[in-house]
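S.K.: Chains as they are written, first to last, in my numbering: chain V, 1 to 130; chain G, 1 to 649.
Mixed in with the good hints, there may be bad ones.
With a Cα cut of at most 20 Å, we get these calculated DMTMM-like pairs of lysine to aspartate or glutamate [said to hold, decoys possible]:
| # | chain 1 | residue 1 | chain 2 | residue 2 |
| --- | --- | --- | --- | --- |
| 1 | V | LYS13 | G | GLU171 |
| 2 | V | LYS118 | G | GLU231 |
| 3 | V | LYS106 | G | GLU231 |
| 4 | V | LYS106 | G | ASP288 |
| 5 | V | LYS106 | G | ASP221 |
| 6 | G | LYS206 | G | ASP288 |
Not close to chain G: a few residues of chain V, all C-beta gaps over 10 Å, as computed [what the hints assert, rightly or not]:
| # | residue |
| --- | --- |
| 7 | ASP14 |
| 8 | PHE15 |
| 9 | ARG22 |
| 10 | SER25 |
| 11 | THR34 |
| 12 | GLY61 |
| 13 | LYS73 |
| 14 | VAL78 |
Derived by calculation from the structure, the hints in this document are not laboratory data. All values reported here derive from a predicted model rather than from experimental measurement. Virtual Cβ for every residue (Gly too), placed ideally from N, Cα, C.
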Amino acid sequence: MQKLKILLVDDEKDFRAIMKVRILSWDSVDCVLTAQDGEKAVDLVRKEDPDLIILDYMMPGMDGVRVLKKIRKFNKKVSIIMFTAYPNEKSIKFSEKLNVFAFIPKWSEYTDVEKSLKVAVNSIFRKINS
Amino acid sequence: MVYKKNKLVKTGKQEDLVRLFAELMDNVPDVIYFKDKKGKIVLVNNAYAKGLGTTIDKVIGKTDFDIFPENRAKIMQKDDLWVIKNKKPIIDKVERATRPDGQDNYVTTTKIPRFNKNGAVIGLIGITRDITRRKRLEQLEEDKDQMQRKIQSLKEINQLKSEFVSIVSHELRTPLAIINQVVMVLLDELAGPLNERQKDVVIKAKNSVSRLSNMVNKLLDVSRMQRGVLELHYGLINLNSLLRDFGDSFKDLAQKKGITINYDFCQEDINLFCDPERVSQIISNLIDNAIKFTEEKGVITIELRKFETKVRVGILDEGIGIAANKTNKIFDKFSQVSGFARSNKEGVGLGLSLVKDLVKKHNGEIWVKSKLGSGSKFYFTLPLIYKFQLTNNEMIDVINNALAKELSVHLIEVIIIKSKNNMPDKCVVKKYLFDKIKKIIYETVTKYKKTKKMDIRIIGDDYKKRTISIVSIGKTSKKPIMFCNLLRDKIKKILSENITKDVFINLGTLHYPDKDKRAIPKQLASSFSIQKIFTGRDVRRSKRFHYHATLKFNLPTKGRETGNTIDISKGGLCFKNRQKFQKGDRLEVEIVVPNRKKSLKLVGRVAWVVQSEEDSKGVVRNYKIGIEFFELNENQRKIIIQALDNIAK
């Protein structure tokens, strides 16, 4: 069973740190790399070739969409999970073009964000190992 | 001087001049007076005398000091003296006088010096005009402007405040999310093992973070509501399941207080178009309150009822209840129960006001029935926009996916009603007819799917409810509307071929989301009816019915046209036509009756013309024309009656 190499992209240092601890606790995960902005993310994707990228839709500088576009230019196969608020037309449109696996709300009173993330990550794990 | 050169003066018609002057002095509402150099009144007009409640002759020779209070007369004298000394007029000086009842009167005063031939001042002319009313209006205008400016600035402040709340709440979310994660990581012992004491402490932090998160979310929602930017995202949900899920999730919390949660649902499953997350919020809030305000033991009932056009959810508790004079304020912002000792005082009192706003946004209603000490019953309704009961889960998923992608979802319901004696719900359509229509619909759907590349599917059909339900998903509403029109025409054709009695077809399309991005579905109802019943003798009574007879007539301009009659009787008929006839026009009419070989030829005269239909540009498209038969012989009369009786079958 090949465990996942995950790249986590978010501009909040503490968020990256704590989510790394959480994600590493899951059985399907091998290691978690982090990047604080789009530039670094693209760089890491090129160097490390992760299985899955988890990134935020809204970031200062290069926002999630642009990062995604850039990555997709040279890497079609990496799975992508995006943090967002409500899905809207824009996100749905490009999710189909740029192949985003899932949209997960970053904060939500009524859905367990962690659970949703875990379910998505596990699905990708199963997909890669099938 | 100019006046003296006036024509009238020259012609020397003194009597005319005097008369005109007299008319002026008698009728003008302004107060006019003539004074001499010493301030004595030489002449006044009617208005002057009337205003003081006296007569003209009583004031002649008097001065202001004889008529007015001293301080006022002094002021008047000052102006008089100025005019006389300076040989210049005072024009439109505004003065204020306070009436005995405290009201202020405003007047304008004009004083003009009078000169003799040598240019010396011999007195003055005064004109005083009451401008109290005008002043009052001006004051009101000013007050209004000031008020509007105040309102505007308050609006701006309110907007700023809402934006501020929104920005701050947003900023609060990220650190809160992080703390939440940290606490969860600790509790799950991912950062090392925890002993019981440590766990206890961390749990306290977790509870506080939950409270903070709740508050921040509420603030954000409230500020979104206030700014008018809160949008509903509709989906199709099973309301029964939703209520049950939430009820169950609160069971633990309720148990701690010895409270049981019961369900009282109507029989059928209800699939509802609403915003699931917001409705969850509403239900959560109400159940939470029900538990909070029940001290211990007791039952909370979650009730669900279905009505014709809406569903009603009830959250009934046996708690402390609400005082009668407070029930209408309970949905206000920041209103809270006072004097009730709660173990942890939560919240800022925004919950119910937000719940009310969310219910209203759905076009529903919310209210409470309560009595102090005997519990509260909170009810809210949500509109049941879509009547067909969707039970197919796959279809529900398809629809929800489409809605999530913000594609247009069109639900087309074909409902066939047969009416007897104008009572639509009393009769059921014959099965063979229903099946025939069903077949046409299935065929059309299949055809359209292929040729027009539409994602259109039949959801189901229900003979008992005489409904066939279709869904079409796409980007715009153009294709579904075309489909609806085509379907309607086809069904119309079947029905007229079958000469059935009084069948109504209601073709309604629900669009979501509509162009304005308001998540309130609009019903595009295109309904029409085909009806064919009348009796020969009762014809005049049943004006609304259409007749299955074709009318041909010769136009006065020597042409021929056909039309459908609307009403036929022994004495005449009426029909619709594009052409506007003139009253009195002579028309030769040929009535073609089904099942009768020979048509009926009659002569009639246009008795009345009425505008019938206008298109969207206001252009008249159809006229309703009434024709009176004349020159009918007995035989023709017999034939008409017979023909009418025949068609009645």
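S.K.: Identify every previously stated hint that the structure contradicts and give their numbers, smallest first.
M.R.: 2, 4, 7, 8, 9, 10
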